[in-house]
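Input sequences plus hints: build the corresponding full structure.
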Amino acid sequence: MLSYFANPVRFQALSKWISPILGIGAIILIIPSWIMALFIVPADYQQGDTFRIMYVHVPAVFAASGAYAFLAIASFFSFVWRHPLADTAARVAAPIGAAFTFLGLFTGALWGKPMWGAYWVWDARLTSTLVMLFLFLGYMAIRAAIRDENSSARIGAIAAMAGAINLPIVKYSVEWWSSLHQSASISLSGSEIDNSMSTTLFVGIIGYFCLFGWLVINNMLSELDARKARALVIRSSDQRPSTASKQMTENPDA
Amino acid sequence: MVRGANGSGKTSLLRIIAGLNTSYSGQLQHRYNNKRWLNGATSGSIGWLGHKSGLKQDLSATQNLAFWSNKAEQHPEISQALQKVGLLNMQQRPVHTMSAGQKQRLALARLLLSNSPLWILDEPSANLDSDGRKLIEALLQQHSQQGGIAIIASHDNINPTAPTSYIKLEQVTAA
Amino acid sequence: MMSQLKLIIFRDLLLATRSGGNWAQGSIFFILFIMLAAFALGPDQAERGFIAPALVWLAVTFASQLSLSQLFSEDLNDGSLECWITDNRSLSIYVIGKVFSHWISNFAPILLLSPFAAVMLGADISSAPILIVSLLVGGPAMVLIGGMASALTANLRGAGLLIVLISGPLLASPLIFGVGAVQAGTINSVAMKLLGAISLFSLVLGPLISRLALKIHLE
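Protein chains in written order, with my numbering: chain A, 1 to 254; chain B, 1001 to 1175; chain C, 2001 to 2219.
Quick caveat, the hints were computed from the structure, so don't treat them as lab data.
In silico DSS-like links for lysine-lysine, alpha-carbon gap of 30 angstroms or less:
no., chain 1, residue 1, chain 2, residue 2
1, C, 2215, C, 2006
2, B, 1071, C, 2006
3, B, 1103, C, 2006
4, B, 1052, C, 2006
5, C, 2215, B, 1052
6, B, 1084, C, 2006
7, B, 1103, B, 1052
8, B, 1134, B, 1084
9, C, 2215, B, 1103
10, B, 1168, C, 2215
11, B, 1168, B, 1103
Now the structure itself:
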């Protein structure tokens, strides 16, 4: 089934349907989750209204972890079956995942101030999310640094998979580390979760995943177009060496 | 002997045959059973001479050859090989003090020491003068007399005396 | 197999002696790092000793990642790597040999300096053996992870910082357990065992990943 959709033309045809579904899904889930978060969910008795940032933070971190899983799986498909479409998916997912990770870290820090009294604490979850941000950045850096497309794809895939193997190890070691150093940490499960809270979170998380999917598909489509444009430029420059190469320098691929 | 213009794919073809490039589409077929052909008379190695020599600049000629042949530096085969390529007087010279042509001759000595019946040579005459090209022709002659074969990508300046078939690669423009 | 391993280790050590002191870069960085860290902390804090294991391990972690950029790229650029393969020799042996000789030439000097650095930072001299053991147990992980990053970036010029960016997240775990092992104060602490587990794990995956990456660079 996967190989059926791995054809770029079929992918383009299919994405015509899926992209609007995900886009609309993102809008009709994320906006209501904000409305619920701001007006319906009761204020926390300890933290007041500031805790409402959780409804941005938690879905962002979920989407970021999902994005890394997506990157690793796409890299696996790209590495084993050498499929360019899987590589395109991995390549476009990385900056989006990095953006979600950054959003998660930033909102986490803002939320940390009222919760822990400090913007940043070296809590296990925050720390391993920070490590994940560096894995995303490392992947993007290595993809950008290697010019040859084929080896960039293969080396990037290896780096992404190595990172995926590393993440659970880091998660475990960071938990071990913070249990050693911190006397007490506040966990979410300890406080009572209102029914409306979990519904809001759930809606938000699904919405963020839709947003991630929509962004990935549309970036993939534009990447495919850019690749086609590059191929055209190279082919025309083969035929008419002088004029075409000039055109290429004048408009680099959009 | 593989011939063709720049960019026609001579190097790519040789790298595929040598097993260095494994990401190609299509099939590599030969008359010999690969394993038996390669592992029969030799340790299974290929005498490969590419654009890059595989020599360490900071080591001397004999040290480089000792490494690649896995023999002691004083081993007679090493000085024999150096003698054949005309570098006997610079055994102890570090490679970085040699000229480009001398380095290429040293790379040929490494090839001789590989003891492989299959040589794959990519532009072996690069940086060599007319004496050097004659040297390659002589080495090829000797190699074929010993029952070896060689696949060579080259421009026109080598004319082997051994029986040779020529392949010409043409540029194919994709439709 | 053993002869190939010996061959590559011997050649790389010989090359290290001719590299113009490249092998000492890590050691020099290590000492500088410790000195500047002490300046940053001020004499009171720097002499108290409880920061010694953390700072020494941190300095070793960074120092171990220096001068890795040439580990594989030189062999890739001068053709040694392709000759190694066409000679039908094992690429895994090659990676292990390279990393091991890098460990001897670059990591071992740092290892020898580490107890002095720890004592300068106020650690008790009796804690030196445990520090050395922890670095012996964790060292393979650091060098193998760095070697993997070096193999991934072997076809790039000036990949030094990129290597640290790739290996950095992977070095978090050995650092955590390494410092934990020194602080635990006994040889058979949980942290020491976990550190050893990470080294063994790297010994399996590091050469495998490096091998794959080098093959790709040759294509």
